[in-house]
Amino acid sequence: MSGKFFNGRWRLTYSSDFEPYMDAYEIDESYRKWVRRVLLDYSDEALVEEYFIDDKANTLTRKVIIKDGPGRESSCVPFDTQHTTSYFDGKPVKYQYGREGDEGNRIVRFEIGNNDKVHTMIVTEVDGDKMLSTYTCRGRTYIKTFIKIA
3 MSGKFFNGRW
13 RLTYSSDFEP
23 YMDAYEIDES
33 YRKWVRRVLL
43 DYSDEALVEE
53 YFIDDKANTL
63 TRKVIIKDGP
73 GRESSCVPFD
83 TQHTTSYFDG
93 KPVKYQYGRE
103 GDEGNRIVRF
113 EIGNNDKVHT
123 MIVTEVDGDK
133 MLSTYTCRGR
143 TYIKTFIKIA
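In the working numbering, the protein residues as written are 3 to 152.
Simulated from the structure, these hints should not be mistaken for lab results.
Just to be clear, a hint being listed does not mean it is correct.
Straight line, CA to CA, 30 Å or less: simulated DSSO-like cross-link-like pairs of lysine-lysine [claimed, not checked]: (1) K132 / K35; (2) K119 / K6; (3) K96 / K69; (4) K58 / K119; (5) K35 / K58; (6) K132 / K69; (7) K119 / K35; (8) K150 / K96.
Pairwise CB distance ranges, derived in the manner of DEER restraints [what the hints assert, rightly or not]: (9) D57 / D30: 33 to 41 Å; (10) S18 / H121: 14 to 22 Å; (11) Y33 / A59: 29 to 37 Å; (12) D129 / Y44: 17 to 25 Å; (13) S88 / F54: 37 to 45 Å; (14) R140 / K6: 32 to 40 Å; (15) Y89 / T15: 22 to 30 Å.
Note that the coordinates shown come from a computational prediction; the quantities given were computed from them, not determined experimentally.
Quick reminder that beta carbons are idealized off the backbone N, C-alpha and C, glycines included.
Please build the complete structure, drawing on both the sequences and the hints.
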């Protein structure tokens, strides 16, 4: 079951360069400056992702908390169902969560954005108190690492 691995708060400890990813989604420069600052700030709880997976209901809630900036709260969504929301910059994005592997420590998020021109797959895997999110978009790979704080 995924809940026992993911449920809790995860603090960003590293992020690779997301410039080509932002190019694909056509993120404007004013928003990029903010994203760069957030993704390079590894101080205490500058960027936190909070997960709650209800294994019985087969649902996931993921909340992004950013110190000194707008956060992003996902509603409780079922796995394996497409949803639509907006990115931090207000542009629409479709997404869907799925589970992979037998252990329950891996979830996958598929994103379709930029007027359906960009497709991204994010594989997030937990190993003890560490979490790795690997983004693949237009043949390039980007990563974020996290440590569990609660």
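Now the hints, each set against the structure:
Proposed proximity of K132 and K35 is supported: the alpha carbons are some 27 Å apart, at most 30 Å. A C-alpha spacing of about 35 Å is found between K119 and K6, which places the hinted pair above 30 Å, so the restraint is violated. A distance of roughly 26 Å separates the Cα atoms of K96 and K69; the hinted pair therefore holds under the 30 Å criterion. Among the hinted pairs, K58 with K119 is inconsistent with the structure: their alpha-carbon atoms are about 35 Å apart, more than 30 Å.
Distance check on the hinted pair: K35 and K58 sit about 40 Å apart at the alpha-carbon level, beyond 30 Å; violated. With a C-alpha separation of about 21 Å, the suggested pair K132 and K69 falls inside the 30 Å cut-off, and the hint holds. Distance hint between K119 and K35 is fulfilled; the C-alpha atoms sit about 23 Å from each other, no more than 30 Å. With a C-alpha separation of about 27 Å, the suggested pair K150 and K96 falls inside the 30 Å cut-off, and the hint holds.
At roughly 39 Å, the beta-carbon separation of D57 and D30 lies within the given 33 to 41 Å, and the hint holds. Take S18 and H121: their Cβ atoms lie about 19 Å apart, and the range 14 to 22 Å holds. Checked against the hint of 29 to 37 Å, the pair Y33 and A59 passes, with Cβ atoms roughly 34 Å apart. For the pair D129 and Y44, the beta carbons lie near 19 Å from each other, so the given range of 17 to 25 Å is met.
For S88 paired with F54, a C-beta distance near 21 Å fails the hint of 37 to 45 Å. R140 and K6 have their C-beta atoms about 34 Å apart, which keeps the hinted 32 to 40 Å range intact. A C-beta distance of roughly 23 Å is found between Y89 and T15, which places it inside the suggested range of 22 to 30 Å.
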